[in-house]
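Student: Since the structure of chain A is already known, use the hints to place chain B on it.
Residues per chain, in single letters:
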Amino acid sequence: MFIAMTIWIIIMVFSVALNTFLCWKVEKSGVKRWGATGRIFKYK
Amino acid sequence: MFWYITVFCFYIFFLVWANLKSLKVAESIDDYTIGGHKIGLLLSIGTTTATWISVASVIGVPGYLYSSGVAAIIGWVAGWCFGGALLPIVAYKIRRPELPARTFPEFIRHRFEPFQKKSTLQAIVGFLMFVGYLLLVNIQVSGFGIVFSTITGIDYEIAIFGFLLFIMITSFGGFWSVAATDTLNTVLITIGVLLAGGVVWKLTGGMSRILETLSVTTAPTIAGGPELDKGVLTSPLGTFSFGALFSIFISNSLGTPASPHWVTRMLAPQNIKVAILQIMGTIFLLIFIMSPLIVIGLGAKVLIPSIPEGKTTDYIVPLLIQEYTPSIIGAVTLIAICAAAISTANSMLLHCATSLYYDVYLNIFSKKVTDKGFRRWLRLSVLLIAIAAVVLAIDPPWFIAMGFVYIYGGFGSAFFLVVFLGLYWKRMNRAGAYTGIIMGSVSYVMAKASGFATPFVIAVTASLIGVLIAVFLTRKPPVEAYEPYFTADVSHTTQKVNAAMRDR
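Protein chains in written order, with my numbering: chain A, 1 to 44; chain B, 1001 to 1504.
Same shape as in the complex, but just chain A:
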């Protein structure tokens, strides 16, 4: 059970890290049409 739950949690953490990185890439691009707003998790 511990191993199974750990795998699930690691994947969730990976997801958050990846999403944050991609949002940062959108911000870095500065393209408004893609969702760049000046703040990493702000989308409009």
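Hints may be right or wrong, so weigh each one.
[As the list claims (entries may be wrong)] Some chain B residues near chain A, calculated using beta-carbon distances under 10 Å:
(1) I1074
(2) F1082
(3) L1086
(4) P1269
(5) I1283
(6) I1287
(7) F1288
[To be verified] Within a straight-line C-alpha distance of at most 25 Å, the following computed PhoX-like cross-link-like pairs (lysine-lysine) qualify:
(8) B:K1038 <-> A:K44
(9) B:K1496 <-> A:K42
(10) A:K28 <-> B:K1202
(11) A:K25 <-> B:K1038
(12) A:K28 <-> B:K1426
(13) B:K1496 <-> A:K32
(14) B:K1093 <-> A:K44
(15) B:K1038 <-> A:K28
(16) B:K1093 <-> A:K25
(17) B:K1426 <-> B:K1118
(18) B:K1372 <-> A:K42
(19) A:K32 <-> B:K1093
Quick caveat, the hints were computed from the structure, so don't treat them as lab data. Ideal placement from N, C-alpha and C gives every residue a C-beta, glycine not left out.
Tutor: Structure of chain B alone, referenced to chain A:
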């Protein structure tokens, strides 16, 4: 019975109301197929979560937890989660063009055959989608029928024809209707599984008691069947071999980001960031849905050590509701299962009909169609396909969760390389796309038919070799094919080509 009828009436009322509202919003082809590329974050999270949670999740996963133990968490819960986690990689690129594709096969056309008048590639992908989603809708219908007939005592055949009505109501308004009803469905699914999980938690005495029982039980899954090995239900591999569990994990995970309905979902939000954040929100929400499902599946083994003869593990949730939950909780849980089936089936039905009508018929016969004509013909296609799926479900198919694994595996084998290489490798060209799709799907079917434990891995490897050979033996793709996915400001010719494709 009073509670079941009351809760159901409220549910039907909302579905009809949401559909009528959406009918007014969905006017253009873009609105109908993809919500006009302007779906906001909350609606995106609502519809993505509801589509994610299908009958395979609500019935199939507890069924596998019941029969195979905690290994099902790795194979399905973590597998789907990993697949979802990879979706933003698709979203980051596919939502870049100023005029994104409306459907998945159309994206394949934009990327690989931008100059073709009739795109064979779009038609092939549309046809594969039609077959896959017809089977997936069929699974949802069967799952709903099993649960509904077991709990209410209504005939299975009547239940599945009743389901036809539900999916018609939610699909007729197009993507906006699907998204609006899905958001309510997400709320209902969450409440339903939390309540049912709470009942199981209370009756079993909590997770530590459940695990204690699982570690010593040898009760057969089906009464009269072979006894289980002691401790198998708490081992990470469960009743699977390493190869089988690995294959399930890979099919569920890598099949997800290449599945056409998920790729299409990345096209619906208003911009790339919303598409990415919707996945983050969904994965967070899923904690509150998957955790109770884990408690239900594992706890069921404590409450019902063996399933009566003649039933499969897909019946474990209905049996649990029937025997152990109070009427009101049973009614809400039944609605949750119904919502899970509807929210996945309506979305897949829409993809199924769109791929057949828009990507195959309109593409091959080069028909121009008005928005009104499009809506009318697409609704007719939805109706006919829904009837076909229900008629096919009169004889229930295979194991529900396993059916998803096969189809996701097939989609992944056919489209994984085409999607990822198409979005991230400029050199990926038309010949590579044909080779990838054909070799991937054929080798998956062959590997599966030959009984290999990891058909997905074999298919993707074979497909990769084929794609690399095809790409390097043929010419580079035209700049108009890949430019929109790599730069923000595309050239004038690319703009013209893209606009022409959308105008056809």
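Student: Hint by hint, say whether it matches the structure.
Tutor: Going down the list of hints, with the structure as the test:
1. With 10 Å as the threshold, the beta carbon of I1074 of chain B comes within range of chain A, its nearest partner Cβ sitting at about 5 Å, so the hint holds.
2. Annotation: F1082 of chain B was flagged as interfacial toward chain A, and the flag holds, the nearest CB pair being 5 Å apart, inside 10 Å.
3. For L1086 of chain B, the interface hint holds, the least distance from its beta-carbon to any beta-carbon of chain A being 8 Å, beneath 10 Å.
4. Given hint, P1269 of chain B at the interface with chain A, holds; its Cβ is 9 Å from that chain's nearest Cβ, closer than 10 Å.
5. The interface hint given for I1283 of chain B is met, as the beta carbon of that residue sits about 5 Å from the closest beta carbon of chain A, less than 10 Å.
6. Restraint check, I1287 of chain B versus chain A: the minimum CB separation of about 8 Å is within 10 Å; hint holds.
7. The interface hint given for F1288 of chain B is broken, as the beta carbon of that residue sits about 13 Å from the closest beta carbon of chain A, more than 10 Å.
8. Restraint check for K1038 of chain B and K44 of chain A: satisfied, since their Cα atoms lie roughly 12 Å apart, inside the 25 Å limit.
9. Straight-line distance between C-alpha atoms of K1496 of chain B and K42 of chain A comes to about 32 Å, which puts the hinted pair past the 25 Å bound.
10. Between K28 of chain A and K1202 of chain B, the direct Cα distance comes to roughly 50 Å. Violation of the 25 Å bound is thereby established for this hinted pair.
11. Between K25 of chain A and K1038 of chain B the alpha-carbon distance is near 21 Å, which keeps this suggested pair within the 25 Å criterion.
12. Distance hint between K28 of chain A and K1426 of chain B is fulfilled; the C-alpha atoms sit about 22 Å from each other, no more than 25 Å.
13. Of the pairs offered as hints, the one joining K1496 of chain B and K32 of chain A holds, with about 22 Å between alpha carbons and a cut-off of 25 Å not exceeded.
14. With a C-alpha separation of about 19 Å, the suggested pair K1093 of chain B and K44 of chain A falls inside the 25 Å cut-off, and the hint holds.
15. At roughly 23 Å between alpha-carbon atoms, K1038 of chain B and K28 of chain A fall within 25 Å of each other, so this suggested pair holds.
16. Our distance criterion of 25 Å between C-alpha atoms is met by K1093 of chain B and K25 of chain A, whose separation comes to about 11 Å.
17. Note on K1426 of chain B and K1118 of chain B: the hinted pairing holds, with a Cα-Cα distance of about 23 Å set against a maximum of 25 Å.
18. At most 25 Å may separate the alpha-carbon atoms for a hinted pair to count; K1372 of chain B and K42 of chain A exceed this at roughly 36 Å.
19. Of the supplied pair hints, the one linking K32 of chain A and K1093 of chain B holds, its CA atoms being roughly 15 Å apart against a limit of 25 Å.
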